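Guided by the hints, dock chain X onto chain B, whose structure is given.
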Amino acid sequence: MARAIWKGEVTFDGVRLPVKLYSGVEDRTIRFHLLDKHTLTRVKQRLVDSETGEEVPSDQVRKGYEVESGTFVLLDDEELNRLEPEASRAIEIEQFLKAGTIKHQWYDRPYYLGPDGGAAEYFALAEAMERRRSEAVARWVMRKREYLGALRSENGYLMLMTLRRAEEVLSARELPAPAGRPPDAKERAIASQLVAALEDEFRPEDYRDEYRERVMKLIEAKAHGEKPRLKVVRARPKAGSLRAMLEASLKAAKSRQEVAAA
Amino acid sequence: MENEDQQQSSRPFWSGALTFGLVSIPVNLYPANRSSRVSLRMIGPSGAPVSRRYYSPETGKELEAEDLARGYEWEDGRYILVSDEELERVAPEKSRTIDLRRFVRTDAIPPLFFERSYFLAPGEASARAYRLLASSMEETGRAGVATFVMRGKEYLVAIFAENGILRAEALRFREEIRSPQDVGLPEPEAPDARKTAKFEKAIAANWSPRLKREAMRDRKAERTLQLIERKRKKREDVVHNAAETTPSKVVDLLSVLKKSLAEAGDKPKGNRRATPKKQRKPTRARAR
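Protein chains in written order, with our numbering: chain B, 1 to 262; chain X, 1 to 288.
In case anyone wonders, no lab produced these hints; they're calculated from the structure. Quick caveat, the model's predicted, so the values are computed rather than measured. Any given hint could turn out to be false.
As the list claims (entries may be wrong) - Which bits of chain B does chain X cover? Going by a derived footprint, with three or more residues having C-beta under 8 Å, they are:
id	segment
1	59–70
2	99–105
3	193–202
As the list claims (entries may be wrong) - Within a straight-line C-alpha distance of at most 27 Å, the following computed DSS-like cross-link-like pairs (lysine-lysine) qualify:
id	chain 1	residue 1	chain 2	residue 2
4	B	LYS44	X	LYS61
5	B	LYS98	X	LYS212
6	X	LYS198	B	LYS98
7	X	LYS153	B	LYS37
8	B	LYS20	X	LYS198
9	X	LYS201	B	LYS7
10	B	LYS63	X	LYS220
11	B	LYS103	X	LYS234
12	B	LYS63	X	LYS195
13	X	LYS201	B	LYS217
14	X	LYS201	B	LYS103
15	X	LYS198	B	LYS7
16	X	LYS201	B	LYS37
17	B	LYS144	X	LYS212
18	X	LYS233	B	LYS103
19	X	LYS258	B	LYS103
20	X	LYS233	B	LYS7
21	X	LYS201	B	LYS98
22	B	LYS98	X	LYS195
Think of the CB as a built atom: it goes at the ideal place given N, C-alpha and C, for glycine as much as any other residue.
Okay, chain B solo, but in the shape it has when bound:
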């Protein structure tokens, strides 16, 4: 059983629902360290004055914001601490929305909420959100940091996804369409058929981080003094006209479908 990382209260309109917060994910990235090539020991970082190159002790460093080129306004730790929001247990709901309104690009980290104490209210809220097909925008302060999140109901449980802020998300709508001649109708028709031929369910269990396993094997082999055998980089397949390649791809995809259906 996972340990709760924080306790809070979902708060809106007279509702106060005590909950516990659990991480919804586990990080499985292989951790490398930076080493000094010559001594094979871990490196450290130090702060140096960019002009004199002299080391600067960390307690003599202040934070500066560049208001114009070469001009900084300095802030000390006390001032920065005063900008932190007040500690609170409240997960304040700001608005309920139609589920799916908040796009994926906003998502940062998912957390499960679990009941803290009586579960009846918890499951009733999950059910009510499900029935209303809704999600909500929430704000809370956890470990001295202010968070923005989406409260959602998933398979009977409540989840809180932390969200990125407006300034952090670039929208495709801000971008121009790529330059160049648009594809013709015939090409578009074949391409759409090819997409349809490759259609499938989303099956996350079909994908594993195989690369991570291969890197671990490589490390293991090297640790045992073996010379790892690595693949030779293979040449690229030949190119043809876009139309010809699409037609050939569609044919191949269709014949695979027939084999699968037979």
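Chain X in isolation, oriented as in the chain B frame:
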């Protein structure tokens, strides 16, 4: 947060190709998120910015990029070195191509999976094939799913098309995601009808027809900027450093993307390459 400041540079984060059937589409990948937190620099007692340098605690010597290596701690204090080349050769095809062999409904992927967004801009001579793939995905309402390797890590991605632009959503692997049972949440109880009705009423009372962007503001950043502005006006703690020559590290991601989309043509520039360009930058070590 994991890897928040991936890059603030005008170079692509990864270069490779999307393959769609037999069609190979060279693309450049850029992050779709930028860090908003008011970027504060460290200033030393002399008023000059301070920078971080690597050094060896053994020898006390400062280290340059060529003195550094990436190592995995196999046993306490014993490191196995792994080079960029080895990391690429562990899975060469996957390091260069995102092979779209499966397309799913755009709403078929549960929200728990989404980790981070990237934009894909057409690479050399690939604008037409790029536009073709984008338009057919938009028409059919499908996203392409694949795995590929970028900077020493495998990613599961779903490629979405929106407004003619391809976006790669990095997804978590199934093994990284916990279920309510893994977490130890209690079995769902049959919800109490009266309580549910009460909550439904409260939801309706707080309903908003659309997402107010106002709600997504970074209030901490705003408070910080207000404080800075007050101090600047009062000329309090303002330092000038005309000698400061290091160029600002902040790159406007939006203009980089706009430029790379506008430049993408159908005609190859210079020598025609049958192969996509190799990753230009060596894989960065994920040390911390």
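Right, here's what the structure says about each hint:
Evaluation of the coverage hint for the segment 59–70 of chain B: fulfilled, as 10 residues show C-beta separations to chain X shorter than 8 Å, against a requirement of three. For a cut-off of 8 Å, the count of residues in the segment 99–105 of chain B with a CB near a CB of chain X stands at 5, and the three-residue condition holds. Taking a C-beta to C-beta cut-off of 8 Å, the segment 193–202 of chain B contributes 8 residues in contact with chain X, enough for the three needed, and the coverage statement holds. Using a Cα cut-off of 27 Å, the hinted pair LYS44 of chain B and LYS61 of chain X holds, with the two alpha carbons roughly 11 Å apart.
For the hint linking LYS98 of chain B to LYS212 of chain X, the alpha-carbon distance of about 13 Å falls within 27 Å, and the restraint holds. For the hint pairing LYS198 of chain X with LYS98 of chain B, the CA-to-CA distance comes to about 19 Å; that is within 27 Å, so the pair holds. A C-alpha spacing of about 22 Å is found between LYS153 of chain X and LYS37 of chain B, which places the hinted pair at or below 27 Å, so the restraint holds. Our distance criterion of 27 Å between C-alpha atoms is met by LYS20 of chain B and LYS198 of chain X, whose separation comes to about 22 Å.
For the suggested pair LYS201 of chain X and LYS7 of chain B, the alpha carbons sit about 26 Å apart, so the restraint of at most 27 Å is met. Restraint check for LYS63 of chain B and LYS220 of chain X: the C-alpha separation of about 16 Å stays at or below 27 Å, so the hint holds. Simply put, LYS103 of chain B and LYS234 of chain X have alpha-carbon atoms about 42 Å apart, too far for the 27 Å limit, and the pair is violated. For the hint pairing LYS63 of chain B with LYS195 of chain X, the CA-to-CA distance comes to about 50 Å; that exceeds 27 Å, so the pair is violated.
For the suggested pair LYS201 of chain X and LYS217 of chain B, the alpha carbons sit about 56 Å apart, so the restraint of at most 27 Å is broken. In summary, the hint linking LYS201 of chain X to LYS103 of chain B is supported, as the alpha carbons are separated by about 25 Å, within the 27 Å threshold. Straight-line distance between C-alpha atoms of LYS198 of chain X and LYS7 of chain B comes to about 24 Å, which keeps the hinted pair within the 27 Å bound. Straight-line distance between C-alpha atoms of LYS201 of chain X and LYS37 of chain B comes to about 64 Å, which puts the hinted pair past the 27 Å bound.
For the suggested pair LYS144 of chain B and LYS212 of chain X, the alpha carbons sit about 25 Å apart, so the restraint of at most 27 Å is met. For the suggested pair LYS233 of chain X and LYS103 of chain B, the alpha carbons sit about 39 Å apart, so the restraint of at most 27 Å is broken. Distance check on the hinted pair: LYS258 of chain X and LYS103 of chain B sit about 22 Å apart at the alpha-carbon level, within 27 Å; holds. The straight-line distance between the Cα atoms of LYS233 of chain X and LYS7 of chain B is roughly 41 Å, outside the 27 Å bound, and the hint therefore fails.
For the given pair, LYS201 of chain X sits about 15 Å from LYS98 of chain B by alpha-carbon distance, which is consistent with the 27 Å threshold. Of the supplied pair hints, the one linking LYS98 of chain B and LYS195 of chain X holds, its CA atoms being roughly 21 Å apart against a limit of 27 Å.
Checked against the numbered hints listed earlier, the structure breaks hints 11, 12, 13, 16, 18 and 20; every other hint is satisfied.
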